[in-house]
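Required output: the full structure, derived from the provided sequences and hints.
Protein sequences appear in the order of chains B and S. Mind the numbering: the first sequence is residues 1 to 83 in this note's numbering, read in order. Mind the numbering: the second sequence is residues 1001 to 1187 in this note's numbering, read in order.
There may be inaccurate statements among the hints.
Heads up, simulated BS3-like pairs for lysine-lysine below, C-alpha to C-alpha not over 27 Å straight-line [claimed, not checked]:
| no. | chain 1 | residue 1 | chain 2 | residue 2 |
| --- | --- | --- | --- | --- |
| 1 | B | LYS83 | B | LYS34 |
| 2 | S | LYS1074 | B | LYS68 |
| 3 | S | LYS1124 | B | LYS72 |
| 4 | S | LYS1124 | S | LYS1074 |
Hint data in this document are derived by calculation from the structure and do not stem from the laboratory.
Here are the chains, one letter per residue:
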Amino acid sequence: MTQKVQESPKEDSVLDARGKLCPMPVIQAAGAIKALASGQVLKILATDPGSKADFPAWAESLGHRLLKQEAKDGLFTYWVQKK
Amino acid sequence: MVETLTNLSLTLEEFKRLHAETHQETETKRLAIVASKGSLDMVYPALILSTTAVSMGWEAEIFFTFYGLDTLHKKRYKNLKVSPIGNPAMPAPFQAIPFHVPNILGAIPGMTTVATAFMKSWMKKAQLPPIQEFLTMADQMGVKLIACSTTMGVMNIKKEELLPMADIQGAAAFLHYASKASVVLFI
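Here it is as structure tokens:
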């Protein structure tokens, strides 16, 4: 039996916030998403373990949609769709 | 409002409209911080929280008062330090020592310099900007940086001695702003 792998959303832009700690990933994401149009997707790469709680809170407070989040080997990936 | 409270025949639609109208001003969240300490470990949290708030679509203001005002002082902001004295967390390098160190050792000359150097290296490791850049960034992001007028009077600080982004206000203005804030902190 093969397990169906959930495909990741297709991103329009990527933000590499690896190595940065709070609050820099969120500040940079706020700047990066401004350049996108409504409905476009920003993919964020981060290594700050706090980002796991920060990005859902950030997306919710701005009304953006967190389509998917993934944690693997210390790398956190987020796909956020702009409001 | 008294009329609507006594008039119980208010329809649901009318109630919703009134509710929306009265709650409109609280729609944008707001953070108001009083920064009263002039040391590095007290200024960073204020800058971190206010820039994060703006990144989340909030309004944010920091009211710099008493020694906190050094943060907005053209000459003094470069010299903000961390003091190991009266700091029970015992800033580095004391943490490395495996037995209890009396707090008074913090008074040894040079210890403030050492603690400050450690703090700055931590911030660099976290890729956080130094205070100068952080202030500029906060200002450009829209964080309001307010200098307390009373502190300026007491410490004899002139407007020209402050960084250009500083706006001068008093307690009444801060309280007015804070009364409409969702989060208010005193650091």
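Comparing the hints with the structure gives:
1. LYS83(B) <-> LYS34(B): holds (11 Å)
2. LYS1074(S) <-> LYS68(B): violated (45 Å)
3. LYS1124(S) <-> LYS72(B): holds (26 Å)
4. LYS1124(S) <-> LYS1074(S): holds (22 Å)
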